[in-house]
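**Student:** These are the residues of each chain, in order.
Protein chains: 2
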Amino acid sequence: MRTYINPNQDTLDALCKRPEIKTADLEADVRDILSLVKSGGDPALRKLVLELDQADIRELKVSPAEIKAAQEQVSPELAAAIQIAAANIEKFHRSQMIAEERVETSPGVFCWRKSVPIEKIGIYIPGGSAPLFSTILMLGIPAQLALCDTIILCTPPDKQGNIHPAILYTANLLRIKNIYKAGGAQAIAAMAYGTETIPRVYKIFGPGNQYVTKAKTLLQLEGLAIDIPAGPSEVLIIADQYADPDFIAADLLSQAEHGADSQVILLSNSSELITQTLQALEQQLESLPRKEIAAAALSNSFALQLDSISACFDFSNNYAPEHLILALEKPEYYAGQIKNAGSVFLGKYACESAGDYASGTNHTLPTNGFARSHSGVSVDSFCKKITFQTINKTGIRHIGPVIETMAEAESLIAHKNAVSIRLKKLNL
Amino acid sequence: MRTYINPNQDTLDALCKRPEIKTADLEADVRDILSLVKSGGDPALRKLVLELDQADIRELKVSPAEIKAAQEQVSPELAAAIQIAAANIEKFHRSQMIAEERVETSPGVFCWRKSVPIEKIGIYIPGGSAPLFSTILMLGIPAQLALCDTIILCTPPDKQGNIHPAILYTANLLRIKNIYKAGGAQAIAAMAYGTETIPRVYKIFGPGNQYVTKAKTLLQLEGLAIDIPAGPSEVLIIADQYADPDFIAADLLSQAEHGADSQVILLSNSSELITQTLQALEQQLESLPRKEIAAAALSNSFALQLDSISACFDFSNNYAPEHLILALEKPEYYAGQIKNAGSVFLGKYACESAGDYASGTNHTLPTNGFARSHSGVSVDSFCKKITFQTINKTGIRHIGPVIETMAEAESLIAHKNAVSIRLKKLNL
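So the protein sequences, as listed, match chains X and Y. To convert, note that position 341 of the first sequence is 341 in my numbering; the numbers rise steadily by one, no gaps. To convert, note that position 107 of the second sequence is 107 in my numbering; the numbers rise steadily by one, no gaps.
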């Protein structure tokens, strides 16, 4: 992990740029997968699952017996932890659901908005080395709160065709019963187009590898809605001399272990804090099972010493980190300075892994600078807000002439007529 | 305008599909324009404005003198209308800004969300036959309410290099001073990449022709945020025997005059209402200045007679119209049945043009079935919601073990360590 001390603005700007990820060579492969699933349905999907997920699946849908069996296979301790996390996530996401008032904008003109669930949504949960059941909580709970009608889940099976019990346990806890054994771009294609077994959905959520990301992007061009554009995960920590170097090192590593392409950044006005943190980092790294991944991520990462905490916020706002930790003596004092970030952790005990699992906030967040313009996932992500209006006689008399004047100035005479014909009948 | 009477489900499904728009042949042209502006900046932009907007522009930025002159060129009547519309739009959009509470999800664990403005946004206003100043209200007012730092506007000049006074008047009313003379894909490229004169923005809003739409889509793949995916405008009216055929005909025409590719749909359980409406439509069409455009749109459009109002709602929910007018005796009774729509107009006097101009709701809405998964533009479109959390000693003691258990089950040991190291120091 390199350290920069008060570099010039050009270097600062360069440090804000994410490493470019080349994905052009994937595109042809992913397009092939999409078109195979679109035209071939279940048989094509089964063939791709055999070829790419390396599992020979007869029944794509997880059976009730498999779900039932998983309940016994999860330790009581893990089950209890998942339930506590679920309760916190539900409590926080429920607080986001605020009904808006009906507004009388002019006498007799009433406007309001209503959140209406997206009817059909799909959740993708990656496979690989670990079962990411926590992401089911992060996507399934707001989907349930939003009252989405159809909630389906795709996740790759292991080579024996099984899904990890923690995934089935968590899905079942959220009453998600439609779980399908398929991974990668083929799973995304199945949810976007629908197959005989897998229903088509309008919006797909969830992380994944480059194939999954590319499939979501390509399907977005065909009208599919997706949660957020994806990129490697990242954390930025702003720390002052009062911060605990051991805690900061642990937080940097918890992000670094996500993937070799993760980026972790430490900003401070204290050279001592930086030195101590880097020392602690070396020590803690040694004992990690995912040491190699974390070390690779650290090689893309850096510490930056700047003259003031205010300069640190300038950099952070420019970088727009997914996770921002304020390891500062008075973090709340600085919270108002944040212009761009996905999720912010204030103070000594708000470690990023709290937000990843159990504090209640969502862990599906904008990476890659998308925090400049995108929010993380929330209940809003599973709804659309429909506007409504009703206008009585007083209302149309009041705003009718305004509409007539404006429509005429825009040369849209049929727009004007729609009002004139009403005003005329009212005056008969 | 064809009429279908109780067709079978296959026909109903086919009627829900939008006509496919071929844009592949545009893509190469638009890519060229994007790359010219990206590498060539202002000079390249000026050249493209000369070539494509057919205006020879020395100063891309509209001068204060031009803005001042426009104030005199707008009639007092139009100025007053714009101000009343602006006040209504502001009132409704302000009602959308509801601060969320800080939630204690577990003892000592506090989570909240805060709306933070997108710092830099761009508004595109098309040129062509009419000055669409109303769209400046619809995009500029929520941007101002959100407190976006940089708000810029691009619009094509006429061949003399001038911008319509109504556009300059409306922009000035909203204190938008950074107005640039450029149209089409070249304007979108300039705002996305930035040039010497035009600042780069993070999100671009506004309608446009196929070049504009394609440019926004392509730039979205490079990380630009856009308002909503675009398609031709549309209205669907559900009417019963109590509706006024003259009003409905006028509403259908007000949508049809937008463009030859617009689609207007009438659903009813009353054959008499359909017949009378189609007659009124023919009559009203005759006197429209944009008669040919409206007639072309009507040729893509249809009336659909179904047995019940409930069946009409099933069709409408499947179609997911941009605008939905309920010309029903008791529209509010049915409002709860709406699953997919952009903006809904209830009752006799809530004509679509009210929402287009002056009632207060936004007219930038999801078309082309995107209402299944997207909202129209609102103050939210100009913000991102950042989550915050703070955890005290009690809090980490409470949820720490939950995080440890879950992180371990996901094989993310560094995530676990970030908690363990804190719990350990607390227990020293």
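In short, the hints are calculated from the structure, not lab data. Hints are not guaranteed to be accurate.
If chains are identical, the list can't say which one is meant, so a pair holds when it fits in one copy or spans any two.
[To be verified] Here are the simulated lysine to aspartate or glutamate pairs, EDC-like style, with alpha carbons at most 20 Å apart:
| no. | residue 1 | residue 2 |
| --- | --- | --- |
| 1 | 177 | 222 |
| 2 | 425 | 292 |
| 3 | 114 | 380 |
| 4 | 424 | 59 |
| 5 | 177 | 42 |
| 6 | 68 | 380 |
| 7 | 17 | 119 |
| 8 | 425 | 314 |
| 9 | 291 | 408 |
| 10 | 114 | 100 |
| 11 | 425 | 100 |
| 12 | 68 | 158 |
| 13 | 330 | 66 |
| 14 | 385 | 100 |
| 15 | 91 | 101 |
| 16 | 159 | 332 |
| 17 | 425 | 332 |
| 18 | 393 | 380 |
| 19 | 114 | 332 |
| 20 | 330 | 307 |
| 21 | 385 | 332 |
| 22 | 38 | 244 |
| 23 | 393 | 332 |
| 24 | 120 | 314 |
| 25 | 47 | 104 |
| 26 | 291 | 410 |
Predicted model only: the values in this text are computed from it and were never measured.
**Student:** A separate judgement is required for each hint: does it hold in the structure or not?
**Tutor:** Do the hints match the structure? See the list:
Neither within a single protomer nor between protomers do residue 177 and residue 222 lie at most 20 Å apart by alpha-carbon distance, with minima of 28 Å and 37 Å respectively. Taking identical chains as interchangeable, the C-alpha atoms of residue 425 and residue 292 are never at most 20 Å apart, the minima being 78 Å within one chain and 27 Å between chains. Taking the closest pair of Cα atoms, residue 114 and residue 380 come within 20 Å of each other both inside a single copy (11 Å) and across two copies (14 Å). Taking the shortest Cα distances, residue 424 and residue 59 never come within 20 Å of each other, neither inside one copy (65 Å) nor across copies (47 Å).
In this assembly of identical chains, the alpha carbons of residue 177 and residue 42 lie at most 20 Å apart only when taken from the same copy (19 Å versus 56 Å across copies). Proximity of residue 68 to residue 380 under the C-alpha cut-off of 20 Å is found in neither arrangement, the shortest distances being 32 Å within a copy and 42 Å between copies. Proximity of residue 17 and residue 119 under a CA criterion of 20 Å is satisfied inter-copy only: 18 Å between copies versus 38 Å inside one chain copy. In this assembly of identical chains, residue 425 and residue 314 lie within 20 Å of each other by CA distance neither inside one copy nor across copies; the values are 60 Å within and 32 Å between.
Taking the shortest alpha-carbon separations for residue 291 and residue 408, only the inter-copy value of 15 Å comes in at or below 20 Å, while the best intra-copy value is 68 Å. Both within a single protomer and between protomers do residue 114 and residue 100 lie at most 20 Å apart by alpha-carbon distance, with minima of 7 Å and 17 Å respectively. In this homomeric assembly, residue 425 and residue 100 never come within 20 Å of each other (Cα to Cα): the closest approach is 34 Å inside a single copy and 45 Å across copies. Within a single copy, residue 68 and residue 158 get their C-alpha atoms as close as 18 Å, which meets the 20 Å cut-off; across copies the closest is 69 Å, which misses it.
For the identical chains of this complex, residue 330 and residue 66 are neighbours neither inside a copy (50 Å) nor across copies (49 Å), given an alpha-carbon limit of 20 Å. For the identical chains of this complex, residue 385 and residue 100 are neighbours both inside a copy (10 Å) and across copies (17 Å), given an alpha-carbon limit of 20 Å. For the identical chains of this complex, residue 91 and residue 101 are inter-copy neighbours only, at 12 Å across copies versus 23 Å inside a copy, given an alpha-carbon limit of 20 Å. Taking CA atoms no more than 20 Å apart as the test, residue 159 paired with residue 332 passes in neither setting, with 49 Å inside one copy and 54 Å between copies.
In the homo-oligomer, the alpha carbons of residue 425 and residue 332 never lie at most 20 Å apart, since the shortest distance is 60 Å inside one protomer and 23 Å across protomers. Neither within a single protomer nor between protomers do residue 393 and residue 380 lie at most 20 Å apart by alpha-carbon distance, with minima of 35 Å and 31 Å respectively. Taking identical chains as interchangeable, the C-alpha atoms of residue 114 and residue 332 lie at most 20 Å apart only when they sit on different chains, with a minimum of 13 Å there against 33 Å within one chain. In the homo-oligomer, the alpha carbons of residue 330 and residue 307 lie at most 20 Å apart inside one protomer (18 Å), although the nearest pairing across protomers, at 66 Å, exceeds that limit.
Taking identical chains as interchangeable, the C-alpha atoms of residue 385 and residue 332 lie at most 20 Å apart only when they sit on different chains, with a minimum of 17 Å there against 32 Å within one chain. Taking identical chains as interchangeable, the C-alpha atoms of residue 38 and residue 244 are never at most 20 Å apart, the minima being 53 Å within one chain and 45 Å between chains. In this homomeric assembly, residue 393 and residue 332 come within 20 Å of each other (Cα to Cα) only across copies, at 16 Å, whereas the closest approach inside a single copy is 51 Å. Only between protomers do residue 120 and residue 314 lie at most 20 Å apart by alpha-carbon distance; the minimum there is 16 Å, versus 41 Å within a single protomer.
When the C-alpha separation of residue 47 and residue 104 is checked against a cutoff of 20 Å, the pair qualifies neither within a copy, at 58 Å, nor between copies, at 48 Å. In this homomeric assembly, residue 291 and residue 410 come within 20 Å of each other (Cα to Cα) only across copies, at 16 Å, whereas the closest approach inside a single copy is 64 Å.
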